[in-house]
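Chemist: The listed protein sequences derive, respectively, from chains L and W. Per the numbering used here, the first sequence runs over residues 1 to 351. Per the numbering used here, the second sequence runs over residues 352 to 549.
There could be a bad hint or two in this list.
Claimed, not checked - Short derived list, chain L residues pointing at chain W, Cβ under 8 Å:
| no. | residue |
| --- | --- |
| 1 | PRO91 |
| 2 | GLN97 |
| 3 | MET98 |
| 4 | ASP101 |
| 5 | ARG104 |
| 6 | GLU105 |
| 7 | PRO113 |
| 8 | VAL114 |
| 9 | LYS116 |
| 10 | ARG263 |
Just so you know, the hints here were simulated from the structure itself, not pulled from any lab data. Glycine residues also receive a C-beta, built at the ideal position from the N, C-alpha and C atoms.
Listed below, chain by chain, are the residues.
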Amino acid sequence: MAAAHTDFWELERRNRRETAMLVVVFVALFTALGFGLDFRFGDLAIVDGSLTGFPLLTLIALGFGVFQSLLSYYGGAALVLASVQARELAPDTPQHQMVLDVVREMALAARMPVPKAYLMSDPSPNAFATGRDPNHSIVCVTQGLIDTMDREEVQGVLGHEMAHVRDYDIRTMMMIAVLVAGVAMLADFVYRSMWYTGGVGGGGGRSSGSRDDDNSGGNAGALIGILVLVLAVLAPFFAQLLAMAVSRQREYLADAASVEFTRNPRALLRALERIAQTESPLRNASRGTAHMFIVNPLQGVRDDNEGFFANLFSTHPPLGRRIERLRAMLNEAGGEAPPTIAAAAAPTARG
Amino acid sequence: MSASLVVLIIAIVIVGWAVLGYNGLVSLRNQVQNSWRQIDVQLRRRHDLIPNLVEAVKGYMQFERDTLTQVVEARAKAISAPDQGSRMAAENQITGGLGRLLAVMENYPQLKSDQNVLKLQEELTTTENQLAFSRQAYNDAVMQLNTRIESFPTNLIANNFGFKQAEYFQGAAEDQAVPKVDLSMGGRAPQPPSAPRS
């Protein structure tokens, strides 16, 4: 268990590092865009081989990037909750009370503060956790999860979410969710401005409007314009790849930690098998938030292919593979696998 | 002088390491104490719940008088216990008695339609679970603290500043056989506490 403790510190450190890196890359991306725009529309130019002019747009872009990062850090959870239309879970029905109780139980098991519980009114069973740190953590479950799962299964699911809270996955995942949306917005903006001005990098030395006086500056501007364009086209792609790369391993680790908390591999095993049986996608989940859920909420994305490309492009490990691992833990613990659901779940292992 | 500089750097490193090691021990000791308080909170909450539950179900369960009396008597013993040891023994009796009570309650379908009983049942279930998880968390914290106190080189700091190994919370043998309560499943076999971490 001492080893497990070290693991957890290591995971937390890695998440802090990754979040910092994500913010740096994000701000740098914005600044680069501002720099390119300065050449194109602002006063920045290369005269006699040296840079002249005041980089106004660069500074604005830098400021915007920093502002966006701060906003994401402090307001990210609220944004995520608003985007999935979640509301705070009240103890108004016995089932809601049960979920609130299980949240407390799992927080105790994880030795973490009790997160706030939220509810999404969606019939598809799913859950996610978010927040900037364990003291400001939030777990959100769907109505479908409450309706279909028993106490043991809810424990398994919330144990998994508590693991994300403890390991600071929630912070990284939240920043990715909010900043990826930011990057998508940025790409959109570049596309549109390109459209309106008749193509930034379209013709080599051609310039339109503001900067037709300086030929060499125009060429450099066009070159940087192309770079910005390439960056803008690739940015969402990389952002998406990043989101996927970081979250698959996390899911396996959180599954293992859920078992560590519940001391009962069957809890999460049964929950995942139940989810595997339902095919309905979540209405309010988007590509921006998909990586936060316990099981991929988007239809068609959830499949059990294990090929290189399947691995590269999916935010979650295949459900079948996760169920296999839990089953192995259960066997190790000497428990008996629940036969009925298991038999039904094996063939459902595809999108 | 470069020699004195080297000595200074070594001194700073040693002091820095000692500070970190000491703070780590303090943090673990606080976690142990906090986990213990959590256990205590749950035990008290359970004491408060028992009279209400007994009151609510005794009308339905005339045939289970023994189980009910056992729980009530164990509670009285726990509250008036003169020392920690006998208190824990009584608490373990309560855990066993409540486990049986919750199990036999399954045989009384009428209870399912009583909103008050259902509410109490949920409260008791989560209290039992929170107790079990607090105990698990406490024992994990104790293991971490004790490991740290025993291992080199932190043991040097621990010995110098009087860090004591904490004691594990041990349930009675009978208590170990009682699974975490799960009413919806109607009592399942307990899982051995394996911790399969990758």
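Chemist: With 8 Å as the cut and Cβ atoms as the points, is L:ASP101 at the interface with chain W?
Modeler: holds, 4 Å
Chemist: Are L:ARG263 and chain W close enough, Cβ to Cβ, to be under 8 Å, as the hint says?
Modeler: holds, 5 Å
Chemist: Let me know if the C-beta of L:PRO91 comes in closer than 8 Å to any C-beta of chain W, holds or violated.
Modeler: violated, 10 Å
Chemist: Any CB of chain W closer than 8 Å to the CB of L:GLN97?
Modeler: holds, 6 Å
Chemist: Quick check on the hint: L:MET98 CB to chain W CB, less than 8 Å?
Modeler: Hint on L:MET98: holds, closest Cβ of chain W at ~6 Å, below 8 Å.
Chemist: The hint names L:GLU105 as touching chain W; please verify it with the least Cβ-Cβ distance against 8 Å.
Modeler: Result: holds, 5 Å to nearest chain W Cβ.
Chemist: Are L:VAL114 and chain W close enough, Cβ to Cβ, to be under 8 Å, as the hint says?
Modeler: The hint is violated - L:VAL114 has no Cβ within 8 Å of chain W, the shortest such distance being about 11 Å.
Chemist: Does L:PRO113 hold up as a contact with chain W if the rule is Cβ-Cβ below 8 Å?
Modeler: Since the shortest Cβ distance to chain W is 11 Å, the answer is violated.
Chemist: Given L:LYS116 as an interface hint, is its Cβ closer than 8 Å to any Cβ of chain W?
Modeler: violated, 17 Å
Chemist: Answer holds if the nearest beta-carbon of chain W is closer than 8 Å to that of L:ARG104; otherwise answer violated.
Modeler: At about 6 Å, which falls below the 8 Å cut-off, the nearest Cβ of chain W leaves the hint on L:ARG104 intact, so it holds.
In this structure, the earlier hints numbered 1, 7, 8, 9 are contradicted, and the remaining ones agree with it.
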